[in-house]
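In order, the protein sequences belong to chains A and B. Its first residue numbered 1, the first sequence is counted upward by one per residue in my numbering. Its first residue numbered 1, the second sequence is counted upward by one per residue in my numbering.
Mixed in with the good hints there might be a few duds.
[Unchecked claim] Simulated coverage check for chain A against chain B, where a stretch passes if three residues somewhere in it have a Cβ under 8 Å from a Cβ of chain B:
id	region
1	2 to 9
2	12 to 22
3	25 to 34
4	47 to 57
5	62 to 70
6	78 to 84
[Claimed, not checked] Distance ranges between label pairs, derived from CB positions:
id	chain 1	residue 1	chain 2	residue 2	range
7	A	Met-65	B	Trp-8	35 to 41 Å
8	A	Gly-27	B	Asp-104	22 to 28 Å
9	B	Glu-108	A	Tyr-4	14 to 20 Å
Please keep in mind that the hints were generated in silico from the structure rather than gathered at the bench. Backbone N, C-alpha and C define an ideal beta-carbon position, used for all residues, glycine too.
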Amino acid sequence: MIIYALIFAIACFSVGLLLNLWRVIVGPRISDRILALDTMTVNCIALLILLNFSLGSPIFFEVAMLFALVGFVSTVSYCRFLLRGDIIE
Amino acid sequence: MTHELPLWGEITVTIFLVVAGLFALVGSVGLVKLPDPITRLHAPTKATTLGVGGVLIASMVYVFANEGRVSMHELLITLFLLLTAPISALFIAKVHLHLRERPDTLPEAPDSVGWAGYAADGPARGVRDVPPPEPGTTDTTI
Chain A
1 MIIYALIFAI ACFSVGLLLN LWRVIVGPRI SDRILALDTM TVNCIALLIL LNFSLGSPIF
61 FEVAMLFALV GFVSTVSYCR FLLRGDIIE
Chain B
1 MTHELPLWGE ITVTIFLVVA GLFALVGSVG LVKLPDPITR LHAPTKATTL GVGGVLIASM
61 VYVFANEGRV SMHELLITLF LLLTAPISAL FIAKVHLHLR ERPDTLPEAP DSVGWAGYAA
121 DGPARGVRDV PPPEPGTTDT TI
């Protein structure tokens, strides 16, 4: 039973990633693109944890943690750059 | 996926996985379908909190039913996502306000201070070559 739910969840998150990619490409605003990239990292974290389910390797948790950290830092630094023209003043 | 779980574990993990997948799909469809940037900011928070949260709870229940121990990695990731999601949303909203709006294109603020973001930093200093749209017009640039 879990295997079907797992396939369903992986399909949902993958379709979500494709929709986010569409928003990154189409835009139309810079803020939309940053938001879509941020959502892509969140969906990737979920996909990594689902991979941990199906493959059973604990290394994916570290990868998911790194994705969360790098995604947050990149979003904030991109916004800082657009707002202030500089990341660390 | 080699171990057999007890029935309560199977049912709980399945429910959480299905709910998480549905909410992730709702968040991403909302990101595509909603009409303007500030409403689009609202949709992916569902994917963050309920989607990833559901997957992480399902993972915790799976590990507990399988090996009988409580796994803490998931709690760390959930805590970090819940802490950082509002901060990045605030920054994205500020980028939108500073690049594409002006105080006279926004609704009236309820008190005499006005819109606090503009009062604190003045206009955006980063990208200067894109002027904000004139009031009453719609534009499709950046």
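The hints, checked one at a time:
no., hint, in the structure
1, 2 to 9, "holds (count 7)"
2, 12 to 22, "holds (count 8)"
3, 25 to 34, "holds (count 7)"
4, 47 to 57, "holds (count 6)"
5, 62 to 70, "holds (count 4)"
6, 78 to 84, "holds (count 6)"
7, Met-65(A) <-> Trp-8(B): 35 to 41 Å, "29 Å, violated"
8, Gly-27(A) <-> Asp-104(B): 22 to 28 Å, "25 Å, holds"
9, Glu-108(B) <-> Tyr-4(A): 14 to 20 Å, "53 Å, violated"
This entry does not satisfy hints 7 and 9, going by the numbered hints stated previously.
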